[in-house]
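Visitor: All chains should be modelled from the sequences, with the hints used to inform the complete structure.
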Amino acid sequence: MKFGIQFQLQTPRPYDAETWGPDDEARIFAQALEQIEHADRLGFDYVFLTEHHFLEEYCHSAAPEVVLAAAAARTKQIRLGHGIVQMPPAINHPARVAERVASLDIISGGRVEFGTGEGATETEIGGFGVARADKKEAWEEATRECLRMMDTHPYPGYEGVHFSMPERNIVPKPLQRPHPPVWVAASRRETVMLAARMGIGAMGFGFETPEEAEERVLRYYELIRACRKPLGKTINPALMTLGNMLCAPTDEEAVEKGLRGAQYFGYVFGWMHGHLTPGRDNIYRDFRRKQEAATGTLEAQDTAVALEPEDESARALYRMGRRGMFMGSPAYIRENIRAYEAAHVDVLLFLSQCGDRRHEDIMESLELFAKEVMPEFKERHHLQQRWRDEQLDGVQHPIASSV
Amino acid sequence: MSDDARAILAEAERKLDDGDNTASVRLSAEAYVVLVRERPDLIFAPPSLGELKVDGGRQPGAGMPRAPWPDAQGVTVTFADDAAPEIALAKDRYTTSDAITYCEYVVDLMQLAERGG
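If you read the protein sequences in the order shown, they are chains A and B. Using the numbering used here, the first residue of the first sequence is number 10, and each one after it goes up by one. Using the numbering used here, the first residue of the second sequence is number 13, and each one after it goes up by one.
Hints were generated in silico from the structure; no laboratory data involved. Idealized CB from N, CA, C, for every residue including glycine. A portion of the hints provided could be inaccurate.
If you want a taste of the chain A side facing chain B, the calculated C-beta under 10 Å gives, among others [stated by the list, open to error]:
1. A142
2. K145
3. W148
4. E150
5. R197
6. V201
7. L203
8. R206
9. L232
10. A235
11. R389
12. H391
Guide: Have a look at this one:
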């Protein structure tokens with residue numbers, strides 16, 4: 010199994026002020042870069058940066074290619090992932106995506122993972138005029154053409170539904186030829202299988218339990234073997250799941266340091282689905298007040314249930330935050346990871362920077378995890394690779410994958 | 013469970029492989045209707061349930077509740093009170109990703125039914 014860290018660059022508003030101070034965002038960005046550098050030294054395999062727009066407090070990572078470029082300059086081995094690029098052309102023109110991904114791949118020495126997605130909330134897709142009914146179609150068209158742009162000399166041009174452009178040679182080309190490994194954000198089971206049928210990796214943010222993951226993994230590889238029309242020139246058969254992680258010497262200490270940040274993550278994510286008033290909410294303050302009012306009472310449980318988002322993706326993340334599969338002592342986390350390892354998940358991606366979680370606690374957590382938990386899974390990764398090779402026996406398409 | 017839904021779904025997969033996405037989408041919706049008729053307890057309550065009386069609750073041993081029918085991809089299925097279920101296709105043509113989404117949704121539901129969920 011391989012391990013990565015994921016960043017939203019979450020930036021809660023101050024509890025006692027209406028908006029952020031001048032240094033608040035700069036501090037979060039600087040700390041994230043330190044955490045990435047630390048993870049690289051500790052042997053983590055991946056860092057993924059999300060892309061969201063207008064989702065204040067929840068995600069200030071709106072230009073991940075910039076942060077990833079800074080990370081590339083500070084790191085040696087860690088792979089640099091877009092998790093994900095929002096592909097509807099109204100948000101990111103496919104030619105600009107191809108140029109940016111290729112540039113990052115060049116300056117990082119071929120370390121890019123190209124995660125793709127369609128955009129999520131009405132707040133962000135509506136901000137760019139993308140209709141909900143069109144976003145998956147726009148994703149498919151833009152991603153397919155973006156991959157062609159990376160590999161054709163010149164790109165012959167395209168007349169499509171969501172974008173058109175004349176013949177151009179799109180440069181630079183990525184160092185990883187024909188293109189970096191491709192992923193898609195897959196919060197619903199159907200999207201995991203869509204990934205398989207298109208020969209790309211699934212970033213399965215909707216894997217709530219190892220049991221669900223196991224069923225999905227088997228079906229995913231069955232469909233990979235049957236894949237007839239891959240989206241790109243190479244396929245990336247790989248499955249990744251996301252969990253909130255805070256590792257500390259004892260379970261109690263981990264919960265004390267990590268739980269509130271995870272709960273806030275779920276809370277603010279739910280808020281993004283329908284409640285947001287641009288520029289005027291203080292979601293962090295609302296969260297803290299509700300939490301303080303309910304602490305230690307039966308109402309606390311009711312509050313948690315009442316806040317569950319209706320949207321499936323949002324609900325999965327909300328529950329993930331409350332459950333804390335990877336929040337505990339090394340022994341606790343190790344036990345939980347073994348279940349995912351048994352289910353043949355290739356990569357576990359950890360969300361550590363969230364809410365008001367302290368930078369120092371995150372740095373210590375990454376270090377403890379890397380020393381006490383990671384080694385046994387890294388040592389056994391060859392067994393996963395052997396199993397995966399068996400699953401891929403007879404696959405017709407060339408494979409380009411970092412797992 | 014009858015073989016009807018299974019046969020329709022197999023045809024939906026064939027259409028998907030042939031690149032006839034719109035036909036595949038329609039067949040997946042038809043398979044979904046047959047499945048829901050036979051096993052209304054498998055799904056989250058659709059918009060109008062009428063006589064099916066699905067309570068939308070979690071069945072013991074059934075795992076997590078199913079995600080709702082993905083109507084954002086342009087296909088709605090309405091279970092009217094006293095009429096046959098109605099399938100409405102909002103688009104003239106569907107993409108591969110639309111067709112896969114609907115097909116795999118029904119595959120999952122069928123697997124759940126076969127497991128006795």
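Visitor: Run every hint past the structure and note whether it holds.
Guide: Here is how each hint holds up against the structure:
1. A distance limit of 10 Å between C-beta atoms decides the matter here; for A:A142 the minimum to chain B is near 6 Å, and the interface restraint holds.
2. The interface hint given for A:K145 is met, as the beta carbon of that residue sits about 5 Å from the closest beta carbon of chain B, less than 10 Å.
3. The interface hint given for A:W148 holds, since its Cβ lies 7 Å from the closest Cβ of chain B, which is under the 10 Å cut-off.
4. For A:E150, the shortest C-beta to C-beta distance to chain B is roughly 8 Å, which falls under 10 Å, so the interface hint holds.
5. Because the closest C-beta pair between A:R197 and chain B is about 6 Å apart, less than 10 Å, the hint holds.
6. Hint on A:V201 holds. Least Cβ distance to chain B is approximately 8 Å, under the 10 Å limit.
7. Interface restraint check for A:L203: the shortest CB-CB distance to chain B comes to about 5 Å, inside 10 Å, so the restraint holds.
8. For A:R206, the interface hint holds, since its Cβ comes within 10 Å of a Cβ in chain B; the closest pair sits about 5 Å apart.
9. The restraint placing A:L232 at the interface with chain B holds, with a minimum CB-CB distance near 9 Å, inside the 10 Å limit.
10. Below 10 Å, beta-carbon pairs count as interface contacts, and A:A235 has one with chain B at about 9 Å; its hint therefore holds.
11. The interface hint given for A:R389 is violated, since its Cβ lies 28 Å from the closest Cβ of chain B, which is over the 10 Å cut-off.
12. This hint is violated: A:H391 has a C-beta 31 Å from the nearest C-beta of chain B, more than the 10 Å allowed.
Going through the hint list in order, the structure does not satisfy hints 11 and 12.
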